[in-house]
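Asker: First to last, the protein sequences are chains X and U.
Take the first sequence: its letters are residues 1 to 325, numbered as in this note's numbering.
Take the second sequence: its letters are residues 1 to 325, numbered as in this note's numbering.
Simulated from the structure, these hints should not be mistaken for lab results.
Quick caveat, the model's predicted, so the values are computed rather than measured.
Backbone N, C-alpha and C define an ideal beta-carbon position, used for all residues, glycine too.
Treat the hints with care, as some may be off.
[Said to hold, decoys possible] Per label pair, the in silico range of CB-to-CB distance: (1) U:Glu280 <-> X:Gly281: 21 to 27 Å; (2) X:Gly281 <-> U:Glu201: 52 to 58 Å; (3) U:His299 <-> X:Leu8: 36 to 42 Å.
Protein chains: 2
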Amino acid sequence: MTVRKGNLMSVRDDIKLLDATIRDGGLCNNFEFSDEFVKELYKTNVKSGIDYMEFGYRASKAMFDESEFGKWKFCKEEDIRAIVGDNPSDMKIAVMADVGRCDYKTDFLPKSESVIDMVRVACYIHQIPTAVEMIEHFHALGYETTCNIMAVSQANTDQITQALDMLCSTSVDVIYLVDSYGSLYPENASELSKTYIAAAENTGKKIGFHAHNNLNLAFANTIETMSYGVSFLDATVQGMGRGAGNCPMELLLGFLKNPKYNLYHLLKFIEKYMLMLREEGVVWGYDLQYMFTGFLNRHPREAIDFTSKDRKDYSEFYKSLLENY
Amino acid sequence: MTVRKGNLMSVRDDIKLLDATIRDGGLCNNFEFSDEFVKELYKTNVKSGIDYMEFGYRASKAMFDESEFGKWKFCKEEDIRAIVGDNPSDMKIAVMADVGRCDYKTDFLPKSESVIDMVRVACYIHQIPTAVEMIEHFHALGYETTCNIMAVSQANTDQITQALDMLCSTSVDVIYLVDSYGSLYPENASELSKTYIAAAENTGKKIGFHAHNNLNLAFANTIETMSYGVSFLDATVQGMGRGAGNCPMELLLGFLKNPKYNLYHLLKFIEKYMLMLREEGVVWGYDLQYMFTGFLNRHPREAIDFTSKDRKDYSEFYKSLLENY
Numbered sequence: 001m002t003v004r005k006g007n008l009m010s011v012r013d014d015i016k017l018l019d020a021t022i023r024d025g026g027l028c029n030n031f032e033f034s035d036e037f038v039k040e041l042y043k044t045n046v047k048s049g050i051d052y053m054e055f056g057y058r059a060s061k062a063m064f065d066e067s068e069f070g071k072w073k074f075c076k077e078e079d080i081r082a083i084v085g086d087n088p089s090d091m092k093i094a095v096m097a098d099v100g101r102c103d104y105k106t107d108f109l110p111k112s113e114s115v116i117d118m119v120r121v122a123c124y125i126h127q128i129p130t131a132v133e134m135i136e137h138f139h140a141l142g143y144e145t146t147c148n149i150m151a152v153s154q155a156n157t158d159q160i161t162q163a164l165d166m167l168c169s170t171s172v173d174v175i176y177l178v179d180s181y182g183s184l185y186p187e188n189a190s191e192l193s194k195t196y197i198a199a200a201e202n203t204g205k206k207i208g209f210h211a212h213n214n215l216n217l218a219f220a221n222t223i224e225t226m227s228y229g230v231s232f233l234d235a236t237v238q239g240m241g242r243g244a245g246n247c248p249m250e251l252l253l254g255f256l257k258n259p260k261y262n263l264y265h266l267l268k269f270i271e272k273y274m275l276m277l278r279e280e281g282v283v284w285g286y287d288l289q290y291m292f293t294g295f296l297n298r299h300p301r302e303a304i305d306f307t308s309k310d311r312k313d314y315s316e317f318y319k320s321l322l323e324n325y
Numbered sequence: 001m002t003v004r005k006g007n008l009m010s011v012r013d014d015i016k017l018l019d020a021t022i023r024d025g026g027l028c029n030n031f032e033f034s035d036e037f038v039k040e041l042y043k044t045n046v047k048s049g050i051d052y053m054e055f056g057y058r059a060s061k062a063m064f065d066e067s068e069f070g071k072w073k074f075c076k077e078e079d080i081r082a083i084v085g086d087n088p089s090d091m092k093i094a095v096m097a098d099v100g101r102c103d104y105k106t107d108f109l110p111k112s113e114s115v116i117d118m119v120r121v122a123c124y125i126h127q128i129p130t131a132v133e134m135i136e137h138f139h140a141l142g143y144e145t146t147c148n149i150m151a152v153s154q155a156n157t158d159q160i161t162q163a164l165d166m167l168c169s170t171s172v173d174v175i176y177l178v179d180s181y182g183s184l185y186p187e188n189a190s191e192l193s194k195t196y197i198a199a200a201e202n203t204g205k206k207i208g209f210h211a212h213n214n215l216n217l218a219f220a221n222t223i224e225t226m227s228y229g230v231s232f233l234d235a236t237v238q239g240m241g242r243g244a245g246n247c248p249m250e251l252l253l254g255f256l257k258n259p260k261y262n263l264y265h266l267l268k269f270i271e272k273y274m275l276m277l278r279e280e281g282v283v284w285g286y287d288l289q290y291m292f293t294g295f296l297n298r299h300p301r302e303a304i305d306f307t308s309k310d311r312k313d314y315s316e317f318y319k320s321l322l323e324n325y
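Just chain X, with the same shape it has in the complex (with noise of 0.2 Å):
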């Protein structure tokens, strides 16, 4: 039995907090977001001692019609640097590339070039020979790189040890263990990244964890899989994220012991903006439908359009879910 890293008073200087609210967040709103939103937000998460901030996708705009989104589906350099200059702060700026979504051979600047720190390729596990080649080309270019291997809850344990293996050979920085499902319970999340943590022994690579909240363990699955390893960490403001959302930031600035952390700042920005988006009609966060998806294993859409029709026949939506199982 793996032991744990530390306990409950414990700093641990290689945890890593990265607050993805315009990216998973983004899911919810089409990414409209104001750019007073992204701006206090950034001026929040710098205050607090967030360690990475997510802008959101760097879609194809050939694949995806720029007049249909927000502009943080496409994340262009000059759109965060309107947010953000040269960031002059500790905080690294990131954004995400979906293998299969972008064009990451003609749309990423050399480093030296960008405010982007870090690029988080996100693919699904029999996409991993693409994230590879991905990963190789955005560590060319300077960035830190992540592959985050969603929906691991229906991968089986063989693809998961290849997947391992063969990111382990790569120049990625941190391989992540994504719960895009909120299937998991403590005990899965905490087996699973046990292996996480074993492949990459030695390697120098971190383990991250991204969760959601279908069956109301975002938090306690994240804070889990923390103890036994995991280092890099996925919130959001007040879970705000697809569906059932995700880990909130506030439980793990409350939780985390590192004096860097401050939970004050982002009360604050919840007052002023969340609570505006919540009444702006913007809905996300654990609800019975989420939690059937979580209980069956499979993705969120059918839940995610009973909450869009505001349905409330959760009786009737559960046996439609098991006679389509």
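Given the coordinates of chain X, work out where chain U should sit on it, guided by the hints.
Answerer: Relative to chain X, chain U alone:
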């Protein structure tokens, strides 16, 4: 390190689910549930495979004015019988008796004349001597008994050891670990549960867990302590309970693998009755104000007041809590 009991696929016949909706949820609406609500919940619980249903408190009518509370603050024999008749189901009926706030010597019939099966004695750790006397009284009357030691996150280890020693010498059937302030992390909750389980070893007594959701950990802590051998699990429908509420029953029904448990009927109940409560303005559940009191390991009363005033100035409230630490 204690080994987990069973795995995520196991059926553990020692597990007992206790629905505390009317009792802990009653703290949100002054126990003013309609008879229809309570009757339908009773029927739903029977169909769902719930093992125990707690109807409320049996509070002292000398101390509390009956006209100021709903009837489930007092749980008179005839009021319970109006709902369950002679309770022809396999589900057992529980009521709670608070140390210092009930007339236990006069207010309980012998079990042979009562439809109640179990009396749960709730106390703070310094009240254990009185709790012991009550337990023996109820045992002599023929009831199953529990002792629910509240606010254990504020007790020190010596006190807990002494309390467990005393209780293990009584006739009590179940000793409950109660996270009244919702301030335990899974690591704390599992360590404490191991202490309780070790103390009760070879006594035939069972250990229970009662969670609060201040840190969004009620379900996580419940299944974590269960995995180490806790067998009596308190939950409420949609987590309805004081402040941040409890472990949601629907999550436990979805999680547990015993075929006797069934989620579907509870969904029908939620649609028809719980949504109505919310619409009537009854408020409970995780929110920032409860997170603060959870982190600070204190009673939620100020957070409940904050909620009742519909305040949203989280940062000011947080500051005021820190100033009165």
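Asker: Could you run down the list of hints and mark each one as holding or not?
Answerer: These are the hints, each one checked on the structure:
no.	hint	in the structure
1	U:Glu280 <-> X:Gly281: 21 to 27 Å	23 Å, holds
2	X:Gly281 <-> U:Glu201: 52 to 58 Å	54 Å, holds
3	U:His299 <-> X:Leu8: 36 to 42 Å	21 Å, violated
Of the numbered hints listed earlier, the single one contradicted by the structure is hint 3.
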